[in-house]
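full-length UniProt numbering applies: residue 1 is where the sequence shown begins, and numbers increase by one.
What the hints contain is simulated information worked out from the structure, not anything from laboratory work. Careful, some of the hints might be misleading.
Dumping the calculated SDA-like pairs for lysine to any residue here, alpha-carbon to alpha-carbon at most 25 Å [said to hold, decoys possible]:
#1 LYS59 with ALA125
#2 LYS180 with ARG167
#3 LYS59 with ASP17
#4 LYS59 with GLY16
#5 LYS59 with ALA29
#6 LYS59 with ASP7
#7 LYS59 with GLU47
#8 LYS180 with SER157
#9 LYS59 with LEU33
#10 LYS59 with ILE120
#11 LYS59 with ALA22
DEER-style ranges, computed between Cβ atoms [unchecked claim]:
#12 THR73 with GLY15: 20 to 26 Å
#13 GLU162 with ASP48: 29 to 35 Å
#14 GLU65 with ARG167: 43 to 49 Å
Beta carbons are placed, not taken as given, at the ideal position from N, Cα and C, and that holds for glycine.
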Amino acid sequence: MIEQDDDTLLAAYAGGDMAAAAPLAHRHAPRVLAVAQRMLGDATEAEDVAQEALLRLWKIAPAWEPGRARVSTWLYRVTANLCLDRLRTRCPTEVLDAANEPVDPLESAGARIQDGQRRIALEEALARLPDRQRLAVILRHIEELPNPEIAETMGLSVDAVESLTARGRRALGAMLAGRKEELGYVDE
């Protein structure tokens, strides 16, 4: 079976083929959910955002213009905006919950604990970044999107994205610098 591109699937959905929604959701929902989880730090709230982003995609399907934007970029932008809206209404002292990750039985308990501590430290540091820096760092260094796509997603220039990610990396480095030994990082 030939895999259909996003524009074709969205056009099919808009034309009444409800089955076209499943491959689109399967293709994009995990990454949309991951971005929302990292931005919000709350699994339930992230699921709400991911569902809302996909719902908005289904609603705009009849007006979608193939080639004007990538579906993934559009979804990241909607997800980012929904997350930023939610973050604006939050109390600034809320802290990220640790994400539940599957345990590798081959890893030693000590390594799992240290990896968990690193993940929590990174999540806490990310949560302290300004919203736009956090989003830029997540999209670039965790989701591994190219700067031009991040720029389109965030409605910024590529230079602005590069500046945000650089400032975010410096801020994360400063926040975590005093914890290298505790987190198991060794200077070589």
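Sort out whether GLY16 lies within 25 Å of LYS59, counting only the CA atoms. Answer holds: LYS59 to GLY16 is near 12 Å, not above 25 Å.
Can the suggested window of 20 to 26 Å be confirmed for the beta-carbon pair THR73 and GLY15? Hint holds: Cβ distance 23 Å, inside 20 to 26 Å.
Quick one, are LYS180 and ARG167 close enough, alpha carbons at most 25 Å? holds (20 Å)
Measuring from beta carbon to beta carbon, are GLU162 and ASP48 in 29 to 35 Å? Once the Cβ atoms are compared, 31 Å apart, the range 29 to 35 Å for ASP48 and GLU162 holds.
Given the range 43 to 49 Å, decide if the beta-carbon distance of GLU65 to ARG167 lies inside it. violated (34 Å)
25 Å Cα cutoff - pair LYS59, ASP17: holds (14 Å)
Could you grab the alpha-carbon distance between LYS59 and ALA22 and see if it respects the 25 Å cut-off? holds (15 Å)
LYS59 and ASP7 were given as a pair; does the straight-line alpha-carbon distance stay at or below 25 Å? holds (15 Å)
Mind checking the alpha carbons of LYS59 and ALA29 for me, to see if they're no more than 25 Å apart? holds (16 Å)
Checking one constraint from the list: CA of LYS180 to CA of SER157, max 25 Å. Satisfied? violated (34 Å)
Does the alpha-carbon distance linking LYS59 and GLU47 stay inside the 25 Å limit? Answer holds: LYS59 to GLU47 is near 18 Å, not above 25 Å.
Holds or violated: LYS59 to ALA125, with C-alpha atoms at most 25 Å apart: violated (36 Å)
Consistency note: the structure conflicts with the earlier hints numbered 1, 8, 10, 14.
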